[in-house]
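Protein chains: 2
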Amino acid sequence: MAPHRTPDSSRRSDRSRRAIHDAALALVGEVGYARTTIEGIAARAGVGKQTIYRWWPSKAAVLMDAFLDLSARQAAEVDAAGADGDYGIPDTGDLEADLKLVLRATVDELNDPAAEAPTRALAAEGIIDPALGAQFVENLLDPQLQLYVTRLRAAQEAGEVRADVDPRVALELLIAPLTHRWLLRTLPLTHAYADAVVDHALRGLLVRP
Amino acid sequence: MAPHRTPDSSRRSDRSRRAIHDAALALVGEVGYARTTIEGIAARAGVGKQTIYRWWPSKAAVLMDAFLDLSARQAAEVDAAGADGDYGIPDTGDLEADLKLVLRATVDELNDPAAEAPTRALAAEGIIDPALGAQFVENLLDPQLQLYVTRLRAAQEAGEVRADVDPRVALELLIAPLTHRWLLRTLPLTHAYADAVVDHALRGLLVRP
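Top line first, the protein sequences correspond to chains U and W. If you read the first sequence in the UniProt record's numbering, its first letter stands for residue 1, the second for the next number, and so on. If you read the second sequence in the UniProt record's numbering, its first letter stands for residue 1, the second for the next number, and so on.
Check before you lean on any hint, since a few could be wrong.
Stated by the list, open to error - Here are the in silico distance ranges between beta carbons for each label pair:
{"id": "1", "chain 1": "W", "residue 1": "PRO130", "chain 2": "U", "residue 2": "ALA158", "range": "52 to 62 Å"}
{"id": "2", "chain 1": "W", "residue 1": "TRP55", "chain 2": "U", "residue 2": "ASP22", "range": "44 to 54 Å"}
{"id": "3", "chain 1": "W", "residue 1": "ASP112", "chain 2": "U", "residue 2": "ASP112", "range": "31 to 41 Å"}
Stated by the list, open to error - Just a sample of chain U residues kept apart from chain W, beta carbon distances all over 10 Å, derived:
{"id": "4", "residue": "ARG15"}
{"id": "5", "residue": "SER16"}
{"id": "6", "residue": "ALA42"}
{"id": "7", "residue": "ALA76"}
{"id": "8", "residue": "GLU109"}
{"id": "9", "residue": "LEU110"}
{"id": "10", "residue": "ASN111"}
{"id": "11", "residue": "ALA124"}
{"id": "12", "residue": "GLU125"}
{"id": "13", "residue": "GLY159"}
{"id": "14", "residue": "ARG168"}
{"id": "15", "residue": "VAL169"}
{"id": "16", "residue": "THR179"}
Think of the hints as simulated: they come from the structure by calculation, not from any bench. Note that beta-carbon positions come from the ideal geometry of N, C-alpha and C, so glycine has one too.
All chains should be built: construct the whole structure from the sequences, respecting the hints.
Below, the structure is given as C-alpha cells:
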C-alpha cells in the first residue's frame, strides 16, 4: 500500500530523481567530487535538500545511483541501436567477433565526452577512498566483469577456449589495457586498439589460435 | 663555475631537497594533492618557502621530482638486493622467468605501504588533470614501459616472440592488469596473480608456447 503514490506523483518522483542524478553528474564533473555537496546538487536540480536526504544517506550514494542510472540509460541506447554494449556479451559462436564488438562499444563509452568528467571524478575518488572504491567495484564494475566470465566459460564449454584458462584472469587481459589507456591517457583509445588487444589476448586463450 | 657550491653547501642542498621531497610525499598522502601547498611542504621540511620557489616553479614540479627521487631510491634498494626491479628488465634468455621477476617486483612496489598514499594521490590527480597526467606518463611511466618494449624486441630478435606481435600493445597486456587491480582494488594483487598474467599473456606472444 502506497496511498500517496498516485501515477502522477510517481512520475513527479521519477522526474525529480532524474534531475538529481543529472545535477550530481554535472556538478562532480565541473567541480570534482570533494567540492560537490548535497546543497549544490539540490540547488542545481531545483529541489529542496530534504528531498535528497529523504532518498539518499550521502552524496556518495546519490552519485552511485546517478552512475547506475546513466549506465542503464546507455545500455538502453545501445540496445535500441541493435547492439548489446557492455550489458550482455553476445554469443554468436565467434568469440573474437563478439569480444571486438563489446570492446569497441566500451571504447566508445569511455570516449563519450558527456560521461568523461564524472567518470574520471568517480574513478579518482575511488582510487583515494577505499570505501567509495569498493562501492564502485561492487555496483558498477563487477556486474560487467561477470559478463566476461560468463562468455569465456561458454567458450570453454564450446571447446573454443583452453580448459586451463582462468576466465577471471583472462578478462583482465582484455579489459585492463583499455582502462589503463583511458585512465592514464598514454596513447589514443581507438577501435583499432581494442581489436589489437583482442588479437593479442585471444592467441593465448584459444585452443586453436 | 658555482662559487658557492662548496662540498658542504652541496651536501646541505641535497639534504634540503630530500627533506622537501619527503615532506611533499608525506603531505600529499595525508591531505591529498589539492590541499598540499608549497607553504605546507616548506613548514614540514623545515625550510623557507623561498627555498622551494628557488628550485621549483610549482607544487606539481616538486611532487614529480619527489616521485622521481623515490623511484630512484627504490631502484637502488632493489639493485642492492641483487634484483633489477622496474629499472631494467633482465635478459637471461628466458622471457617468462624475466617477466615474472619484474612483475613480482612491481607487485611489491605497488603494495609498499610507504609509497601507496602518495602514489594513489598522484594517480588520482593525473586522472582528473590532463597536464599533470601527461607529466606523470612522460617522466615516470613511459621510461618504464620502454624497458618492456626493449625486452620484448630482444625476444623477437631471438626468435622467442612472434614477429607479428606489437611490443607496445603486448606490454599493456602484462602491465595493465596489475595497475587495474591495484587502482580499483578489485582482487588481491599477489605474486601468484603476476605469474598468472605472464602465463596467460605469453601463450599468445611466444612462437612455441
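Results of checking the hints against the structure:
{"no.": "1", "hint": "W:PRO130 - U:ALA158: 52 to 62 Å", "result": "violated (43 Å)"}
{"no.": "2", "hint": "W:TRP55 - U:ASP22: 44 to 54 Å", "result": "holds (45 Å)"}
{"no.": "3", "hint": "W:ASP112 - U:ASP112: 31 to 41 Å", "result": "holds (36 Å)"}
{"no.": "4", "hint": "ARG15", "result": "holds (31 Å)"}
{"no.": "5", "hint": "SER16", "result": "holds (29 Å)"}
{"no.": "6", "hint": "ALA42", "result": "holds (24 Å)"}
{"no.": "7", "hint": "ALA76", "result": "holds (25 Å)"}
{"no.": "8", "hint": "GLU109", "result": "holds (16 Å)"}
{"no.": "9", "hint": "LEU110", "result": "holds (12 Å)"}
{"no.": "10", "hint": "ASN111", "result": "holds (14 Å)"}
{"no.": "11", "hint": "ALA124", "result": "violated (4 Å)"}
{"no.": "12", "hint": "GLU125", "result": "violated (7 Å)"}
{"no.": "13", "hint": "GLY159", "result": "holds (17 Å)"}
{"no.": "14", "hint": "ARG168", "result": "violated (8 Å)"}
{"no.": "15", "hint": "VAL169", "result": "violated (5 Å)"}
{"no.": "16", "hint": "THR179", "result": "violated (6 Å)"}
In summary, the numbered hints that this structure violates are 1, 11, 12, 14, 15, 16.
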